[in-house]
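Student: For reference, the chains in residue letters:
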Amino acid sequence: GQNIDQPTEMTATEGAIVQINCTYQTSGFNGLFWYQQHAGEAPTFLSYNVLDGLEEKGRFSSFLSRSKGYSYLLLKELQMKDSASYLCAVRDPSGGYQKVTFGTGTKLQVIP
Amino acid sequence: DAGVIQSPRHEVTEMGQEVTLRCKPISGHNSLFWYRQTMMRGLELLIYFNNNVPIDDSGMPEDRFSAKMPNASFSTLKIQPSEPRDSAVYFCASSMVPRGPFFGPGTRLTVL
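Protein sequence lines, in the order shown, are assigned to chains D and Y.
Using the numbering used here, the final residue of the first sequence is 112, and nothing's skipped along the way.
Using the numbering used here, the final residue of the second sequence is 1112, and nothing's skipped along the way.
Hint data in this document are derived by calculation from the structure and do not stem from the laboratory.
Do not rely on the hints blindly, as some may be mistaken.
Stated by the list, open to error - Cross-link-like lysine to aspartate or glutamate pairs, in silico, DMTMM-like; alpha carbons within 25 Å at most:
id: 1; chain 1: D; residue 1: 107; chain 2: Y; residue 2: 1056
id: 2; chain 1: Y; residue 1: 1024; chain 2: Y; residue 2: 1044
id: 3; chain 1: D; residue 1: 68; chain 2: D; residue 2: 9
id: 4; chain 1: Y; residue 1: 1068; chain 2: Y; residue 2: 1086
id: 5; chain 1: Y; residue 1: 1078; chain 2: D; residue 2: 41
id: 6; chain 1: D; residue 1: 81; chain 2: D; residue 2: 41
id: 7; chain 1: Y; residue 1: 1068; chain 2: D; residue 2: 92
id: 8; chain 1: Y; residue 1: 1078; chain 2: Y; residue 2: 1011
id: 9; chain 1: Y; residue 1: 1068; chain 2: Y; residue 2: 1083
id: 10; chain 1: D; residue 1: 107; chain 2: Y; residue 2: 1018
id: 11; chain 1: D; residue 1: 68; chain 2: D; residue 2: 14
id: 12; chain 1: Y; residue 1: 1024; chain 2: Y; residue 2: 1011
id: 13; chain 1: Y; residue 1: 1078; chain 2: Y; residue 2: 1056
id: 14; chain 1: D; residue 1: 76; chain 2: D; residue 2: 56
id: 15; chain 1: Y; residue 1: 1024; chain 2: D; residue 2: 5
Claimed, not checked - Quick list of the computed label-pair ranges, beta carbon to beta carbon:
id: 16; chain 1: D; residue 1: 55; chain 2: Y; residue 2: 1063; range: 26 to 32 Å
id: 17; chain 1: D; residue 1: 66; chain 2: Y; residue 2: 1099; range: 15 to 21 Å
id: 18; chain 1: D; residue 1: 16; chain 2: Y; residue 2: 1015; range: 26 to 32 Å
id: 19; chain 1: Y; residue 1: 1007; chain 2: D; residue 2: 45; range: 21 to 27 Å
id: 20; chain 1: Y; residue 1: 1097; chain 2: D; residue 2: 76; range: 28 to 34 Å
id: 21; chain 1: D; residue 1: 52; chain 2: Y; residue 2: 1064; range: 38 to 44 Å
id: 22; chain 1: Y; residue 1: 1097; chain 2: D; residue 2: 70; range: 21 to 27 Å
Model, not experiment: these values are computed from the prediction.
Glycine included, C-beta positions come from ideal geometry on N, C-alpha and C.
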């Protein structure tokens, strides 16, 4: 089965750093994704981790520990436009295919 | 590339009517996903196709829901008969491993 957990909501201050955690328990694992979704829009891809460690891309970084079933998304120098939901997703290759399942998302509010 | 194309963007119908949602995936992508998003349940995977073949439909709520992919460039999700609890945003997404799903703009369905 699939179980992906994230905090429901977070609030952070403009200019600060915020870390959004994700824990997962899946039958198999072949990659973890983070997506950003603004209200009323479709999710858009942010990052992809398949090996342990930190992947950095500008103000956003994503970390993965496969042994712990844990990932986090780190957002630096927060801007008001970063207010959005952040979705963690896991690809499960069980059965030889590549199913992608999402967590319920973390709604981030950035305040001045 | 035009991205994933979905139609209609908005659909308002009455309980008991048939609803058909359409999706054109990105050319060259071999996986297609149908997701449903609600405030209560987040982004749920309904069905997943690989090379036009349905692989996992365990997320399809019940027999009222059906999905087809007659060729690599077209898929439909049909609800018959529709019920008010089917009201949600339905997303189609496509991908080519190892990349994650690219989402279409979604269809906002309201069943009265």
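Student: None of the hints should be skipped; say for each whether it holds.
Tutor: Hints, verified against the model:
no., hint, verdict
1, 107/D / 1056/Y, "violated (29 Å)"
2, 1024/Y / 1044/Y, "holds (20 Å)"
3, 68/D / 9/D, "holds (23 Å)"
4, 1068/Y / 1086/Y, "holds (19 Å)"
5, 1078/Y / 41/D, "holds (22 Å)"
6, 81/D / 41/D, "holds (14 Å)"
7, 1068/Y / 92/D, "holds (22 Å)"
8, 1078/Y / 1011/Y, "holds (13 Å)"
9, 1068/Y / 1083/Y, "holds (20 Å)"
10, 107/D / 1018/Y, "violated (33 Å)"
11, 68/D / 14/D, "violated (31 Å)"
12, 1024/Y / 1011/Y, "holds (18 Å)"
13, 1078/Y / 1056/Y, "holds (16 Å)"
14, 76/D / 56/D, "holds (11 Å)"
15, 1024/Y / 5/D, "violated (31 Å)"
16, 55/D / 1063/Y: 26 to 32 Å, "violated (42 Å)"
17, 66/D / 1099/Y: 15 to 21 Å, "holds (19 Å)"
18, 16/D / 1015/Y: 26 to 32 Å, "violated (47 Å)"
19, 1007/Y / 45/D: 21 to 27 Å, "holds (23 Å)"
20, 1097/Y / 76/D: 28 to 34 Å, "holds (30 Å)"
21, 52/D / 1064/Y: 38 to 44 Å, "holds (43 Å)"
22, 1097/Y / 70/D: 21 to 27 Å, "holds (23 Å)"
Consistency note: the structure conflicts with the earlier hints numbered 1, 10, 11, 15, 16 and 18.
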